[in-house]
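A.B. asks: Spelled out, the chains give:
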Amino acid sequence: MSEGIIFYGIALVAVVSSILVVTVRNIVHAVLFLALFLLSIAGFYASLRLDFLVVVQVFIFVGAVVVLFLFIVMLTFKISDFSRTMSNRQRRLAFAASSGMLFFLILALAKTNAFNNLYKQNAPASLRELGTELLTTYVLPFELVSLVLLVALIGAIIIAKKEK
Amino acid sequence: MSLHHYLFLSAIIFCIGLYGVLSRKTAIGVLMSVELMLNAANINIVASSSYLTKGAIPGQIFTIFIIVLSAAETAIGLAIILSIFRLFKSIDLQKIDSLRG
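The listed protein sequences correspond, in order, to chains A and B. The first sequence: position 110 = 110 (my numbering), numbered continuously. Count along the second sequence from 1, then add 1000; that gives the number in my numbering.
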């Protein structure tokens, strides 16, 4: 019973903040609502008892990506931009397309019988097992992702450099 | 809390992010909506793995990789936005149409 209240509470925060991210006029408010949304997603990971993912989500998304967004907003916005609307011409078509997709997704999820008797969450693995799996079974994507990070680092510096 | 609840929630957030990608005027708005979609997919993967696999290990590992890759992609996207701003002096996506024939 209390688990249901927690889930619906966090779900309400997540959905409301995501709607606010895509509709507010002020871009700084949108970035702050994005931070609130990412924190609520961390709350979902906590409700599934995945503690490592909570920490990773808060550190990387809220602590680095949102700060990066705020830096870029600071560097690329003039003060006069803040009061104009933030939705472009195809707003109604976008609403129709996304609500159509939502309708079909919910229809497909409601009609399927594949997830019928799942009421018990499995106990999550400990951090030791997660680390062992990361370095034995999934070592190839692990190394490749480190290469991707290196390339992203070098590429971002080169792209954003001032031309002399 | 069955798996259905998490999957419905993931679908709702994904479609809200889809609306944001299609209708935001600035490139930063589009990138934020892409973050919404990626987090919705993360919720989907993590919940499915938590209910269906032992110890939820594949879901957690997949989610870690998605988080890392989305952070890298956001960093590069924001660097590109910065250099576009230097060139066009505006971030209104409807004004950046040099490639439009």
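Simulated from the structure, these hints should not be mistaken for laboratory data. Since the model is a prediction, treat every value here as computed from it, not as a measurement. There's no promise every hint is true.
Claimed, not checked - Result set (BS3-like, lysine-lysine): computed pairs, CA atoms no more than 27 Å apart in a straight line: (1) B:Lys1089 - A:Lys111; (2) A:Lys111 - A:Lys162; (3) B:Lys1054 - A:Lys162; (4) B:Lys1054 - A:Lys161; (5) B:Lys1095 - A:Lys162; (6) A:Lys162 - A:Lys78; (7) A:Lys120 - B:Lys1054; (8) A:Lys78 - B:Lys1054; (9) B:Lys1089 - A:Lys162.
A.B. asks: Quickly compare the C-alpha distance for A:Lys111 and A:Lys162 to 27 Å and report which way the hint goes.
C.D. replies: violated (55 Å)
A.B. asks: If you draw a straight line from the CA of B:Lys1095 to the CA of A:Lys162, is it 27 Å or shorter?
C.D. replies: OK: B:Lys1095 and A:Lys162 at ~22 Å, within 27 Å.
A.B. asks: Between the alpha carbons of B:Lys1089 and A:Lys162, is the straight-line distance 27 Å or under?
C.D. replies: Measuring from Cα to Cα gives roughly 14 Å; hence the hint holds.
A.B. asks: For a C-alpha distance cap of 27 Å, please report whether A:Lys120 and B:Lys1054 respect it.
C.D. replies: holds (12 Å)
A.B. asks: Does the alpha-carbon distance linking B:Lys1054 and A:Lys161 stay inside the 27 Å limit?
C.D. replies: violated (47 Å)
A.B. asks: Given the hinted pair A:Lys162 and A:Lys78, is their Cα-Cα distance within 27 Å?
C.D. replies: Status holds; Cα separation ~19 Å.
A.B. asks: Does B:Lys1054 pair with A:Lys162 here, judged by a C-alpha cut-off of 27 Å?
C.D. replies: violated (50 Å)
A.B. asks: Taking only the CA atoms, is the gap from A:Lys78 to B:Lys1054 under or equal to 27 Å?
C.D. replies: violated (51 Å)
A.B. asks: Check whether the Cα positions of B:Lys1089 and A:Lys111 lie no farther apart than 27 Å.
C.D. replies: violated (50 Å)
Hint compliance for this structure: hints 1, 2, 3, 4, 8 are not met, and every other hint is.
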